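**Student:** Just so you know, the sequences run in chain order A and B. Basically this note's numbering = 1-based index in the first sequence + 436. Basically this note's numbering = 1-based index in the second sequence + 1380.
Hints in this document: simulated from the structure, not taken from any laboratory. Small disclaimer: the values here were computed from a predicted structure and weren't measured. Treat each hint with caution, since some may be false.
[Claimed, not checked] In the EDC-like style, the derived pairs of lysine to aspartate or glutamate whose C-alpha atoms are separated by at most 20 Å in a straight line are:
| no. | chain 1 | residue 1 | chain 2 | residue 2 |
| --- | --- | --- | --- | --- |
| 1 | B | K1693 | B | E1674 |
| 2 | B | K1777 | B | D1459 |
| 3 | B | K1736 | B | E1478 |
| 4 | B | K1777 | A | E452 |
| 5 | B | K1777 | A | D505 |
| 6 | B | K1716 | B | E1690 |
| 7 | B | K1736 | B | E1772 |
| 8 | B | K1498 | B | D1436 |
| 9 | B | K1498 | B | E1577 |
| 10 | A | K599 | B | D1755 |
| 11 | B | K1736 | B | D1575 |
| 12 | B | K1777 | A | D632 |
| 13 | A | K599 | B | E1758 |
| 14 | B | K1716 | B | D1699 |
| 15 | B | K1498 | B | E1690 |
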Amino acid sequence: MITRAPARHARRRISEEKAAQRRLALWLCAPAALVMLLVTGWPILYAVLLSLQRYDLRFPGERAWVGLDNYAAVLTDPFWWNAFWVTVVITVVSVAIELVLGMLLALAMYRTLVGRGAIRTLVLIPYGIVTVVAAYGWRYAWTPETGWLAEALPAGSAPLTEKVPGLAIIILAEVWKTTPFMALLLMAGLALVPDDLLKAAAMDGASAWQRFWHVTLPLMRPAILVALLFRTLDAFRIFDNIYVLTGGAADTGSVSLIAYRNLIGGLNLGIGSTMSVLVFLTVAAISFLFIRAFGISAPGTQGERR
Amino acid sequence: MLAGTVAGCGGGSTGRPVVNLYNAPQENIGALVDRCNRLAGGRYRIVLNTLPRDADGQREQLVRRLAAGDTGLDVLGLDVTWTAELAEAGWIRPWTGEHERRAREGTLAKPLETAVWKGRLYAAPYNTNVQLLWYRSDLIPRPPRTWDGLMRESARLAAQGRPHYGEVTGARYEGLVVWFNSLIQSAGGGILTPDGERVSLGAPARTALATMRAFARSRAADPSLPSMREDDVRLAMESGRAAFQINWPFVYASMAANRPGMLRTFRWAPYPGIDGPGRAPLGGGNFGISAYTERPRESYEAALCLRDAESQKIAAVRDGLPPTIRSVYDEPEMAKAYPMRQAILDALQTAAPRPKTPTYQNVSTVTSAVLSPPDAIEPARTEARLRELISEALQSKGVLP
């Protein structure tokens, strides 16, 4: 039953089949791609269009195209740059602390022999609490007269009213809430490390630290980088903790908070959208940096495209 | 069970036109709604919808829905500072003819002025408000008339080791602007020119700023001053750590309920000034009618009922909201609930309204950002910065902090 068609013909048939398969694949993907375009592409495009206009909801008559004027206004504004650097500091510091703490937690959870399920559940509790609810808890705790943490400070101090202590408390609340998430992602990475390798290293006389540094960490690299990317992007968009804890007072507002203030409070769609676009560009730049510079692959591609 | 549910639903659809009232939380407003629904005799039925607790949250919800042309809003409970913004944007209807006559009749001049924009009436005054100086007569036997005098009293009490804080709203929000606005008007100036078109500030502003800075650095200042809002101020006084507070009259009813023991020595005096008597902050709320309502006639009727003399008396006696109709102050029930009613009427003569401009929200936001924290104010430099940022805010240009 073997057809002895010329090789050229066979190749063409195979390529035809492939092309048909590819067409089918495209057709199957099309609805999803279209929906993605509509729900994410259009709002982004719309925000870009708004950012090029003077458009204040209270003065609809004065709506006009102003080119890059809004970008000039935002990028020369000290309030914006203060919010930007505050966001950068919160992101870098909180993610760094979360990585170390998360790794420790992951190792502890991974090695636990007794009550593993119960411990994992316990660790995840902070992540399960709604951020705003947790933030209120922290706010009252740090408020003089009502709070147990404020009582521990010297009398008369109100940490949430000052910039540095306020930021420290915001970072603390972030770390408290999201370290479990980091630990969970890292624990999945730990599972990638074969026990045999660690045993072999131990046989060769490697100390616990050497095994961790030279065997575990390199193998966990993709998991660590994915965890870092997720957390960095999340941390950069920080809003709720700041909104509740300080409301942006004493210059503790983030870029998301200042964008909200201009867009929703100020009803200034032009300036607010400009800020949203700038936040979007920064987040895109962070992703690009992680993917290119650190060679992370998207989850699911198994690092093929390093 | 099922029958109950059906009956429950059925009760709502009796065919009477529904008027949706959106108002700030107020404990006994339900009594006003019930009364007006009874009086309406089937012509309409008011449904109460409660807005968020803070003024910014209330404004955000209202303006977002109005900007979208939402027809589900009919009668709107508005803060006195929003009139210009909502009127200029065309989101609330002017009051004319018979409705206007009824809204103006017997209404006190200052509250009425807060509902007017460009010569037209845009809301019916519901309640007014003035801040007073509240103090403990066991600590301060004779209340001073100026901020300097208050600071001296605090220093004296501190030296004796007694409660000496003076609570004011120093957090970065509207309350800080209210404080600044009253001080600058007490000093004979204003944030904006009377027409609301340009920045005024100048020497009176520097005097006001110097006073705020001096207060924030004095023994009178609570360490939490940069985060104090009206309710924190009230609680600080009730907890016994303050000798005086600057606040709205709701603190009296609260003190009576929470600390009846302290009520005996809890007194009020006119708002302090710079060299003499001050000009108290003017607050309050008005009822506006949405431009997108589908039942304008019923909405005007409902709003007029919700703010008539009887409704205002109920709101005053049960919820501590000072009336806008002059005659209500003479009602016999007011004597017990409102022992300070004459002080309120006196303060209303000179009360300092906030600047009238459609961009008030922007002006307020940048002002509170520049003034926070009050102990970091440097009069000359802060005045220059305010001038620059408020000029931009007036054109809704620039960035809000």
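**Student:** Run every hint past the structure and note whether it holds.
**Tutor:** Here is what the structure says about each hint:
{"no.": "1", "hint": "K1693(B) x E1674(B)", "result": "30 Å, violated"}
{"no.": "2", "hint": "K1777(B) x D1459(B)", "result": "24 Å, violated"}
{"no.": "3", "hint": "K1736(B) x E1478(B)", "result": "26 Å, violated"}
{"no.": "4", "hint": "K1777(B) x E452(A)", "result": "60 Å, violated"}
{"no.": "5", "hint": "K1777(B) x D505(A)", "result": "10 Å, holds"}
{"no.": "6", "hint": "K1716(B) x E1690(B)", "result": "17 Å, holds"}
{"no.": "7", "hint": "K1736(B) x E1772(B)", "result": "16 Å, holds"}
{"no.": "8", "hint": "K1498(B) x D1436(B)", "result": "24 Å, violated"}
{"no.": "9", "hint": "K1498(B) x E1577(B)", "result": "12 Å, holds"}
{"no.": "10", "hint": "K599(A) x D1755(B)", "result": "14 Å, holds"}
{"no.": "11", "hint": "K1736(B) x D1575(B)", "result": "8 Å, holds"}
{"no.": "12", "hint": "K1777(B) x D632(A)", "result": "65 Å, violated"}
{"no.": "13", "hint": "K599(A) x E1758(B)", "result": "19 Å, holds"}
{"no.": "14", "hint": "K1716(B) x D1699(B)", "result": "13 Å, holds"}
{"no.": "15", "hint": "K1498(B) x E1690(B)", "result": "30 Å, violated"}
Checked against the numbered hints given earlier, this structure breaks hints 1, 2, 3, 4, 8, 12, 15; the rest are met.
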